[in-house]
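Visitor: The primary structure of each chain is shown beneath.
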Amino acid sequence: MSKDGKKSNFCDNMKGASKKIDKKMGEVKTYTHSYLLYPLLLLSPDKQGEATKKLLTNPSEIKAFNEEVTKSFKNSGLPVRPGCLLKISSEYYENYGFKATKENKDELIKELNKFFNKDRADEANEKTINPRGIIVQPYTHYANILVEIISELTYEIVKRKAKNDVIKISIIGSRDGTLPLAIINKINEKSGTLIEKTQLYLVEPYQKKLEETINKLPVYGIKSISETKKWGFSAEYKTDDEFLATQKNDDFDIVISYFHMHCKPFSDNHEAIRRVLKNDGLFIIADYFSPLWEYPSFVADFLRTIYGSEEIAAKFAKNFEDREPRVRELSESEQYAYQQHKDYWANVIKELHNLTFKDRKPFYFLRAHTTVQKRIEILKNYQFIVEEEKIASIAKNLKNIPNPYRVDPKSDFVSLIVASKED
Amino acid sequence: MPSQKTIEEIIKKIDEIDQKIDEITKGVALKIGSIARIASQALINWNIKFDAHPQIIRALEDKSIEEYEKEWSMVNKVVYHAIHKAINDSNLSEGNHQLNNEISKMAKEIILRKIKKGKRVVMADIGAGTGDTSGTIIHRLIMDGVKREMLKNLEIYFVEPSDESIIQLGKLMRESYPEVKHQRIIATDYFHMPFLKKESFDIIVSNAVFHHHSFPTYLHLLHNALKKDGFLIIGDWYTEIWYEPKNVAYIMKEGLSMHEEKVNQFINLFENLSWSKIVEYWNNKSEEEKRRNEGMLLYIKNLARRLEEEKCCIEKEKEGEKNIYGLETKVELNLLEAHEKYEDRLEKMKKAGFETTAEKIKRRYKWLEKTPTEKEVVAPKFAMVTMACKK
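As you go down the protein sequences, you meet chains A and B in turn. Numbering-wise (our numbering), the first sequence opens with residue 1 and increments by one. Numbering-wise (our numbering), the second sequence opens with residue 1001 and increments by one.
Honestly, the hints are just simulated from the structure, not real lab data. Note that the Cβ used here is the ideal one computed from N, Cα and C, for glycine as well. Treat each hint with caution, since some may be false.
[As the list claims (entries may be wrong)] As a list, the in silico EDC-like pairs of lysine to aspartate or glutamate whose alpha-carbon atoms are at most 16 Å apart:
(1) 350(A) / 1164(B)
(2) 350(A) / 1163(B)
(3) 1147(B) / 408(A)
(4) 1311(B) / 126(A)
(5) 1301(B) / 212(A)
(6) 1005(B) / 1015(B)
(7) 208(A) / 1089(B)
(8) 1026(B) / 1229(B)
(9) 127(A) / 1309(B)
(10) 1105(B) / 212(A)
(11) 1005(B) / 1051(B)
(12) 1316(B) / 126(A)
(13) 396(A) / 1144(B)
[Said to hold, decoys possible] Covered by chain A, per the in silico footprint, the following chain B stretches (three or more residues, Cβ under 8 Å):
(14) 1123-1137
(15) 1208-1215
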């Protein structure tokens, strides 16, 4: 509701904001700080029309629909494009006019993996880039804060449990090694010997990044598990699903998903994670949380903002005219996350322009981001609980950290969730 | 008093050597650069002899700053990204991250003591980058119970030469820590900063910056700017690799894969130098020094590779007429910097009036009993954080 009690249309507000910025800044091709000009947008959905078309469930029809949408951007010359619709969270598929079912899921995942494999190959050949490699403040700082908190939590658990056992930790999405190295440093700094009670499984499908991490580890005195037979690291050049499938039940003390869940449209790995975790094990998720891809109209708004073009926004939106349902009301922290996510991307796009590539490919932005609340709901569906005092109960010096922890308390965008298995 | 002629002759000698080196490294992306950039105590090894007269020192320092500013003008976005990639390739990003962490732990203890009592704390962050060091310090304060209201007592002066970084820094401060008063100054030469007034700072921090400064004048300035009970915390990378032309010759061959002819041309610039002597010199170092050198060599190899890659990409894009970088985008960078041995830096700090001995610092400031005043990261004496107070 607006301050004067009137409902307003979210999309119109978005358009209004963009137009004002366009006017103010002339030919705006990138979006800068407009959420600071409009700190709290009036988000009360009153979208005209409802979804009248039947949800697509036939996998061939879904694939065809996806191809139709993506084809409209082919040869457009646009450096940044939506990409495969299946990459958004499956929780939001219905907002786009299709649905994942037990019958079609395997087929959809197979289709998704084609795109993910291509993305990985393009990144490996430096035809594109993972935006996480670009420094965008304050989000880089926020990510560093999460690294510090996760390292502290991990150390405390290792300290607590090391008397009896070797502590097994899996880091899914270990990327360039920032998190595993931070954990190793924390353990070494606070107690040099505890590292010999720790096993770190680094799960990363991008081989080059994994190799870079492995090359750095000996500097910190950490050996491979195959060498010590007891402690150290194991480099798992696999996807998380591939890795988890090979692990025993009730075996891991901690599984960390590090800025990785937004690459997982389906949350099935939660079942596998639950299986491999010990009863008192923790599932820690650090990620960018946002509703930005929840609805096609949000994506259209994003396109309008980054290109300053109604035409480009409409090119995307028109595919969903009779498919998109009424837009829900976003909470304040979701609204801020929405704006911060756009801001993040605006800065990434500016930087993309200045990077060189061996053979530049367009960048496809759609990913499986969800809000914090949605992720907690998903976790509950897989019999995980998220207790408010969990972080504080593990580490004394983190006693002021609630769970979930929003680094910017106003916003979902960079957040940490610590989940435990429900009894 | 040295004559103007004497000063000019010294500068001329530096220019001559620089010119000859520049000729040898023509056409490559990663050049050797100016010997005026190296740590002043090593200039003698490069055949630059001078009396330590203030006027001569000032002239050499100005020369060094001039070369530093020339270098900064070369660091366009493409070069910056090559550096960033090479840092990631070489383990140094984790090192910088750790340096930030250790600086923030020490700084937090110092600031906390005053800020919890409601006292105003004035800090300078020299070479602030995009704000990671100060951001981490502030975050630690909040984690230690400092309420947002109390952060109004913290005032930070940021000095940073990159306008891009300072924009990011401003965003970080505005959005994450709006309670903290701050000023951002874009400068390569902070020697003449009006804000560095006598005894006005409680704490000055700096991460990976002072290896750009050949002379220790900045230490004297910072000493002057600190309050009587003020602290200086320096995080930096330490290596003696630029001290000797022998090391640079080795790097030219093993790090930059330069043609033997070019390496020999470089060797011939200096008397009594031969490749066999160079290899012997390189291999006959302590284990610690070898580790530092290997760390630098890895970085240099990666940096050279990344710069050449960027150069190729730009040339390809120009050919394809995409040309989004503009015709003027050069991909060039200089190697020589003022890295020095850790012990040499400590000596300079002592001469500037700083106390760096842990025992003496803790005797004076008993509340620092449990706080380390010196921390090593990555490898022995390669990346260090040092706390110092005024003697």
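Visitor: For residue 208(A) and residue 1089(B), compute the direct alpha-carbon distance and say whether it is at most 16 Å.
Guide: holds (10 Å)
Visitor: Check whether the Cα positions of residue 350(A) and residue 1163(B) lie no farther apart than 16 Å.
Guide: Satisfied, since the Cα-Cα distance of roughly 15 Å is no more than 16 Å.
Visitor: Are three or more residues of the segment 1123-1137 of chain B within 8 Å, CB to CB, of chain A?
Guide: holds (count 5)
Visitor: Take a quick look at whether residue 1005(B) and residue 1051(B) sit within 16 Å of each other, Cα to Cα.
Guide: Holds. Residue 1005(B) to residue 1051(B) sits at ~14 Å (cutoff 16 Å).
Visitor: Starting from residue 1005(B), check that the Cα of residue 1015(B) is at most 16 Å away, please.
Guide: holds (15 Å)
Visitor: For a C-alpha distance cap of 16 Å, please report whether residue 1026(B) and residue 1229(B) respect it.
Guide: Distance of about 50 Å is beyond 16 Å: violated.
Visitor: Taking only the CA atoms, is the gap from residue 1316(B) to residue 126(A) under or equal to 16 Å?
Guide: Answer holds: residue 1316(B) to residue 126(A) is near 14 Å, not above 16 Å.
Visitor: Starting from residue 396(A), check that the Cα of residue 1144(B) is at most 16 Å away, please.
Guide: holds (11 Å)
Visitor: Just to be careful, I want the Cα atoms of residue 127(A) and residue 1309(B) compared with a cutoff of 16 Å; is the pair within it?
Guide: holds (13 Å)
Visitor: CA of residue 1105(B) to CA of residue 212(A), is that 16 Å or under?
Guide: violated (28 Å)
Visitor: Measure nothing beyond the straight line between the CA atoms of residue 1301(B) and residue 212(A); if it is 16 Å or shorter, mark the hint as holding.
Guide: holds (15 Å)
Visitor: Is residue 1311(B) close enough to residue 126(A), meaning Cα to Cα at most 16 Å?
Guide: holds (15 Å)
Comparing the model with each earlier hint shows violations of hints 8, 10, 15; every other hint is respected.
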